[in-house]
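*Asks:* Take a look at the letters that make up each chain.
There are 2 protein chains.
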Amino acid sequence: MPDLQNDRLLRALLRETVDKTPIWIMRQAGRYLPEYRATRQKAGNFLELCKNPELACEVTLQPLERFELDAAILFSDILTIPDAMGLGLYFTEGEGPAFMHPIRTRADVEKIGIPDPESELAYVTQAIHTICTALNGRVPLIGFSGSPWTLASYMVEGRGSRTFSRIKGMLYSEPTLLHQLLDKMARSVTDCLNAQIAAGAQVVQIFDTWGGVLAEPQYMEFSLQYMRQIVENLTHECRGRRVPIILFTKGGGLWLDALANTGCDAVGLDWTLSIGRARTQVGDRVALQGNLDPSALYANAEGVSKAAKNIIEDFGQGSGHVFNLGHGITPDIDPENVKILVDTVHQYSARFHND
Amino acid sequence: MPDLQNDRLLRALLRETVDKTPIWIMRQAGRYLPEYRATRQKAGNFLELCKNPELACEVTLQPLERFELDAAILFSDILTIPDAMGLGLYFTEGEGPAFMHPIRTRADVEKIGIPDPESELAYVTQAIHTICTALNGRVPLIGFSGSPWTLASYMVEGRGSRTFSRIKGMLYSEPTLLHQLLDKMARSVTDCLNAQIAAGAQVVQIFDTWGGVLAEPQYMEFSLQYMRQIVENLTHECRGRRVPIILFTKGGGLWLDALANTGCDAVGLDWTLSIGRARTQVGDRVALQGNLDPSALYANAEGVSKAAKNIIEDFGQGSGHVFNLGHGITPDIDPENVKILVDTVHQYSARFHND
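If you're matching them up, the sequences are chains L and B in order.
Note that this note's numbering gives residue 215 to position 215 of the first sequence, counting from 1, and the numbers run on in steps of one.
Note that this note's numbering gives residue 105 to position 105 of the second sequence, counting from 1, and the numbers run on in steps of one.
There could be a bad hint or two in this list.
Put simply, identical chains are the same to the list, so a pair is met inside one copy or across any two.
Capping the alpha-carbon separation at 20 Å, the derived lysine to aspartate or glutamate pairs in EDC-like fashion look like this [unchecked claim]:
| id | residue 1 | residue 2 |
| --- | --- | --- |
| 1 | K51 | D191 |
| 2 | K306 | E174 |
| 3 | K309 | E237 |
| 4 | K42 | D77 |
In case anyone wonders, no lab produced these hints; they're calculated from the structure.
All of these numbers come straight from a predicted model, not from anything done at the bench.
Make the full structure from the sequences, and use the hints.
*Replies:* Given below as structure tokens:
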């Protein structure tokens with residue numbers, strides 16, 4: 001591995017001093033970029049793009065050409081794990097992801113196995129190798145996975161859901177069966193993330209996109225518990241460096257304290273919780289990542305810049321902050337506003353790191 | 001007005017002793033009931049049903065015939081106020097509410113006036129008179145309105161939204177214009193709720209369905225501030241009784257403390273915050289309403305009953321709790337599970353009120 005030329009992200013995640021607050025953006029390689037849409041068309045569809053290491057590398061690097069981002073994130077999808085389990089992932093235009101063979105019965109749960117990352121998910125580690133070579137140490141590469149609860153939600157519902165009626169029916173009627181599924185998912189996620197780390201990922205993030213739809217005791221039992229189990233079993237050091245782990249539960253502001261006690265290095269915040277208040281709450285247990293409302297990017301240039309500055313001021317002086325949106329960037333955002341955001345964060349944050 | 005035969009709801013909202021925890025259910029008169037669907041068909045469509053006092057009364061009473069509920073809630077829609085402002089409310093099958101003339105410009109904001117509840121919204125007060133006569137003191141009647149922020153969201157977006165791109169664009173780019181709109185909405189909501197109270201509503205609830213999509217400082221400035229303004233200007237006593245005010249911000253668990261300081265009598269909780277933890281936080285400032293996950297009703301009978309008992313235990317001994325779901329009941333729920341819920345709450349809660 002070549003030396004890292006920009007280690008702001010790694011340093012901020014470990015709460016070491018930095019010159020400026022690092023920034024990356026969830027879904028930074030995405031549909032808001034015309035060059036992304038062109039590559040995706042070339043690939044045929046979204047899933048083909050994920051499974052093609054060369055093209056996945058191409059889109060991973062695209063946002064770095066436009067913006068002074070402090071990290072690259074593997075271009076992939078959280079649902080590649082259930083796909084590797086044989087559920088038959090497909091994408092419908094406008095409706096999002098769906099599975100041909102959803103998990104509905106005890107037999108369905110018992111049937112699925114733990115995928116071997118080196119065979120069933122080889123395209124993921126291959127993409128990481130390709131991206132690391134292309135990056136050549138420019139910025140660190142973030143690997144990722146969905147959380148067991150989030151993956152299980154899609155697997156049981158069979159597609160996106162507003163009410164989560166099937167998985168919550170299972171949770172309240174057959175909790176033991178759901179635990180059996182979640183345990184398999186936790187083991188699969190652990191293997192997949194450890195393979196990503198071995199292949200070159202220098203940071204990993206677990207996306208718990210749907211943890212926030214749970215009631216508090218159910219969140220602890222059915223989502224957080226399994227993320228803690230993963231954190232315990234991840235490779236914490238690789239190639240002589242600590243590999244920081246970021247946990248992100250969308251809608252998890254109420255459970256920040258429990259998240260900070262999982263053993264992770266950083267907690268990702270959505271925009272509903274003030275990052276200053278969050279910092280007071282977590283103290284020096286973890287770094288924080290976030291948390292601009294993605295819809296602030298619908299504002300004019302002045303509005304975007306002001307909103308970014310407010311977050312930086314709210315976090316305050318010193319390290320331990322990775323700037324990000326509070327959720328993925330939406331497809332109808334003007335890339336020009338992303339440039340304003342990234343540049344504002346770097347320029348304005350310098351004064352908060354001068355002691 | 002005839003004497004109230006069941007005042008459990010009013011007593012619990014004022015934290016006075018009760019024999020059992022009262023329960024009502026958001027959207028209790030709704031599509032999950034076959035008799036509701038029949039009346040709605042008779043009316044022609046949803047909006048006609050809202051505007052017909054006799055039929056609105058019919059559906060308001062339907063759930064009380066099936067379940068031992070402790071309150072009736074006016075059958076109406078939060079968007080009747082913007083409709084009375086001339087925005088042209090209509091409903092599309094499967095897509096929800098929409099406006100023919102959304103608010104997009106300064107001129108749009110300046111043009112709208114404060115509706116007179118006695119003329120433009122006469123069908124609302126007429127429905128309340130009709131319902132009160134039919135109830136004849138059986139249970140109290142709850143009146144309601146949307147919050148200024150929630151109403152403005154629909155008015156500016158023109159329909160439901162996932163990203164709230166237009167109103168958040170306005171919030172971050174033209175905050176003064178948005179404040180002008182929200183002030184008009186707050187005055188309109190105040191007039192409308194005071195008219196509902198004068199007509200016979202014994203409790204009022206403000207539904208801040210979309211407050212939870214805001215970042216913390218924006219929630220305080222653009223949603224909570226206007227709810228506080230309404231609370232200050234509502235009729236607090238009518239017909240010799242206090243008229244309790246319930247504020248419900250979906251996704252507002254992080255802001256419970258601020259909600260409890262608005263001067264309202266009770267705060268409605270969605271299911272993401274433990275009600276026991278919420279009770280500790282608010283102390284004796286307000287009563288609490290909630291907070292079963294509506295999707296717990298997808299469980300089997302045993303699962304529903306267990307989930308309800310857990311909430312009652314979590315709240316603990318004594319008054320100040322109104323049982324409800326954490327959001328409206330969904331259309332595909334089996335009414336049999338609602339019966340199990342209501343009966344469990346009454347039977348199981350008695351032991352928590354015996355000191």
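*Asks:* Evaluate each hint against the coordinates.
*Replies:* Do the hints match the structure? See the list:
Taking CA atoms no more than 20 Å apart as the test, K51 paired with D191 passes inside one copy only; the shortest distance there is 18 Å, against 59 Å between copies. In this assembly of identical chains, K306 and E174 lie within 20 Å of each other by CA distance solely across copies; the values are 12 Å between and 49 Å within a copy. Taking CA atoms no more than 20 Å apart as the test, K309 paired with E237 passes in neither setting, with 34 Å inside one copy and 46 Å between copies. With identical chains, the CA atoms of K42 and D77 are at most 20 Å apart within one copy only, with a shortest distance of 18 Å there and 48 Å across copies.
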